[in-house]
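**Student:** Sequence:
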Amino acid sequence: SGETAKMDGIKDLYERDWGSEEWMIVTNPNYATNNLPANIVAMHVLNANGVGGRITGPAGFKLNNYTFNDDGTIRPYQDGSINNGTYQLGGEGLSRNAGSSLVPGIERYVAYGRASFEFSEALTLVLEGGYAETIGTFTGGLPNFTAFTIRNDNAFLPQAVKDAMAEKGLTSITVSKGVYDVGNINFKVRNKTPHGTIGIEGALGGSWHYDAHYSYGENHFRSDFTNNFSPALWNLAVDAVNYNGQIICRSRLPGAAPNPLAEGCVPVNIFGPNAVSASGSAALAYVNRSDFNAVLYKQHAAGVNVRGEPFSTWAGPVSVAFGGEYRKESQVLTAGPLATASRFAIGNATPFSGKFDVTEGYLEAIVPLARDASFARTLDINGAIRYADYSNSGGQTTWKVGGVYEPIDGLRFRVTRSRDIRAPAIFELFSPGSSTNTALTVNGVTAVIPQNRTVGNEDLKPERADTLTLGVVVQPTGVPGLRMS
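In the working numbering, the protein residues as written are 4 to 488.
Please note that the accuracy of each hint is not assured.
Below, computed lysine to any residue pairings styled on SDA-like, alpha-carbon distance capped at 20 Å [to be verified]: (1) K14 - E24; (2) K9 - E110; (3) K301 - F359; (4) K403 - E466; (5) K9 - V113; (6) K331 - E461; (7) K358 - F224; (8) K9 - Y115; (9) K191 - R292; (10) K65 - A167; (11) K403 - G364; (12) K358 - G459; (13) K331 - N222; (14) K191 - F224; (15) K9 - K195; (16) K331 - A391; (17) K358 - H303; (18) K358 - K403; (19) K358 - L463; (20) K195 - E136.
Okay, the calculated beta carbon distance ranges per label pair [said to hold, decoys possible]: (21) A379 - Q302: 41 to 47 Å; (22) G63 - I138: 50 to 56 Å; (23) L105 - T229: 17 to 23 Å; (24) K65 - F224: 39 to 45 Å; (25) Y34 - N262: 44 to 50 Å; (26) R117 - D412: 23 to 29 Å; (27) R380 - M10: 48 to 54 Å; (28) V106 - G172: 50 to 56 Å; (29) F416 - L105: 44 to 50 Å.
No lab work stands behind these hints, which were simulated from the structure alone.
Computed from a prediction, not measured in an experiment: that's the story for all the values here.
The beta carbon of each residue, even a glycine, is placed where N, CA and C say it ideally should be.
Required output: the full structure, derived from the provided sequences and hints.
**Tutor:** Have a look at this one:
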């Protein structure tokens with residue numbers, strides 16, 4: 004068999020009539036005093052940070068809530084009726100979701116094949132294989148800054164703002180900005196999964212049958228991204244100064260502290276809706292970079308199963324199944340140099356590798372206790388036990404005991420008591436941690452602080468659960484087609 008499918012993406016919410024109305028939920032921070040709901044569903048919910056940049060501090064500065072025009076002039080910002088610091092209801096600007104894919108574009112290719120040959124009732128050879136590939140393309144969010152520091156000697160800062168700062172004796176101000184003119188990040192995600200199985204199955208005589216198999220599969224995941232915004236590089240590029248009649252990054256001044264990220268720094272003007280893009284392609288190329296992360300996952304699996312009916316009770320044959328399984332899995336994550344160093348707002352990944360294997364054995368049985376008796380149409384008990392020896396967490400025993408009781412036609416009760424486990428995945432054991440970046444301003448100095456969010460732990464043991472399940476199925480004989488559970 005084979006299948007292919009392709010679906011075009013939808014650029015962003017502005018591609019839809021309802022999206023163009025910018026509907027969202029906006030939280031109302033002053034609901035206790037303005038007699039409006041704490042959460043409001045409304046149209047024209049916009050980014051509160053300002054497209055051209057918005058002066059937000061310090062307190063008492065007379066130009067607070069002013070925004071910047073592309074020609075270097077300033078004007079009062081058109082605030083919304085409700086502003087929670089992230090979103091505002093009405094006012095000027097765009098949605099924070101501008102440019103972000105509403106629906107990703109997807110291509111999918113799938114192929115599958117199976118062949119079998121019966122040598123005899125005791126031996127059938129089975130070959131099975133397949134390949135699946137999915138390609139997704141989409142755009143992500145835009146950078147948004149609720150507060151970053153601009154010094155009074157910034158080369159692009161309008162003179163009117165410099166004069167107002169000098170009047171108040173300020174050496175820096177705080178500015179927010181939704182950076183729409185750097186462009187959205189572009190993702191291309193490819194997922195490939197080849198797999199194959201060889202197996203045998205057949206009859207052993209009487210009620211007994213067996214099957215055995217070996218399978219191997221891989222999953223290749225790769226995410227390539229372009230135009231990915233780097234906060235660390237942005238902070239260097241925004242801090243622009245005049246030096247001997249030339250605008251350069253402060254980090255490139257003679258005597259500045261050595262910083263490998265400052266190599267090739269190109270100054271960026273942020274003051275205006277299109278100021279960043281007007282700074283030139285070299286500036287955009289400095290703050291927006293390309294990189295990737297990729298994962299290769301491999302799995303070997305083999306198993307042998309035997310099933311049959313060794314004897315009967317007064318109510319019918321007892322069914323038994325037993326067997327063994329072996330599985331080995333490995334994972335390797337790789338990433339580009341910038342993603343590894345957590346230089347991006349999104350898309351960072353820390354390389355790691357890990358593996359485990361597990362050997363399992365199991366026994367299951369169903370024992371009938373009654374058939375067509377005065378007290379039961381059907382009464383069965385069932386049980387199972389499995390022992391799994393994990394290479395990194397030792398032996399684990401799971402089991403279940405249950406029963407099925409049908410007192411009359413069309414009414415069936417079931418109960419199961421079990422001990423279950425979930426072994427840790429490879430990334431939970433070995434991952435060095437995925438990172439995100441947060442800009443923190445202390446005493447007028449802004450630094451980008453990496454934060455660990457998830458870290459693996461090789462000492463993890465399987466989680467355990469004790470589960471009790473009760474159920475009933477009703478299938479009235481007088482109402483054909485009705486079945487309730």
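**Student:** Work down the list of hints and note, for each, if the structure agrees.
**Tutor:** Results for each hint:
Proximity of K14 to E24 is assessed by CA-CA distance (about 16 Å); at most 20 Å being required, the pair is judged to hold. Distance hint between K9 and E110 is fulfilled; the C-alpha atoms sit about 4 Å from each other, no more than 20 Å. Proposed proximity of K301 and F359 is supported: the alpha carbons are some 11 Å apart, at most 20 Å. Our distance criterion of 20 Å between C-alpha atoms is met by K403 and E466, whose separation comes to about 16 Å.
At roughly 12 Å between alpha-carbon atoms, K9 and V113 fall within 20 Å of each other, so this suggested pair holds. Distance check on the hinted pair: K331 and E461 sit about 17 Å apart at the alpha-carbon level, within 20 Å; holds. The suggested pairing of K358 with F224 holds, with an alpha-carbon distance near 17 Å, which does not exceed 20 Å. Using a Cα cut-off of 20 Å, the hinted pair K9 and Y115 holds, with the two alpha carbons roughly 19 Å apart.
Distance check on the hinted pair: K191 and R292 sit about 14 Å apart at the alpha-carbon level, within 20 Å; holds. For the hint pairing K65 with A167, the CA-to-CA distance comes to about 8 Å; that is within 20 Å, so the pair holds. With a CA separation close to 15 Å, the supplied pair K403 and G364 stays within the 20 Å bound. Pair hint K358 plus G459 holds up; C-alpha atoms about 13 Å apart against a cutoff of 20 Å.
As the CA atoms of K331 and N222 are separated by approximately 14 Å, the hinted pair is consistent with the 20 Å bound. In summary, the hint linking K191 to F224 is supported, as the alpha carbons are separated by about 11 Å, within the 20 Å threshold. Of the supplied pair hints, the one linking K9 and K195 holds, its CA atoms being roughly 16 Å apart against a limit of 20 Å. Taking the CA atoms of K331 and A391, the gap is about 13 Å. The hint holds against a cut of 20 Å.
A threshold of 20 Å between alpha carbons decides the hint, and for K358 with H303 the separation of about 11 Å falls inside it, so the pair holds. A hinted pair counts as satisfied when its Cα atoms are at most 20 Å apart, and K358 with K403 does not qualify at roughly 29 Å. Only pairs whose Cα atoms come within 20 Å are accepted, and K358 paired with L463 is accepted, the gap being roughly 14 Å. With a CA separation close to 4 Å, the supplied pair K195 and E136 stays within the 20 Å bound.
The supplied range of 41 to 47 Å is met by A379 and Q302, whose beta-carbon atoms lie about 44 Å from each other. Between G63 and I138 the beta carbon distance is about 54 Å. The supplied range of 50 to 56 Å therefore holds. Against the hinted window of 17 to 23 Å, the Cβ-Cβ separation of L105 and T229 comes to about 20 Å, which satisfies the hint. About 53 Å separates the C-beta atoms of K65 and F224, a value inconsistent with the hinted range of 39 to 45 Å.
In this structure the supplied range 44 to 50 Å holds for Y34 paired with N262, their Cβ-Cβ distance being about 46 Å. A hinted range of 23 to 29 Å is violated for the C-beta pair R117 and D412, which are about 40 Å apart. Judged by the Cβ atoms, the range 48 to 54 Å given for R380 and M10 holds: they are separated by roughly 51 Å. The hint said 50 to 56 Å for the Cβ distance between V106 and G172, and at roughly 52 Å that hint holds.
Against the hinted window of 44 to 50 Å, the Cβ-Cβ separation of F416 and L105 comes to about 48 Å, which satisfies the hint.
Of the numbered hints given earlier, the model fails hints 18, 24, 26; all others are met.
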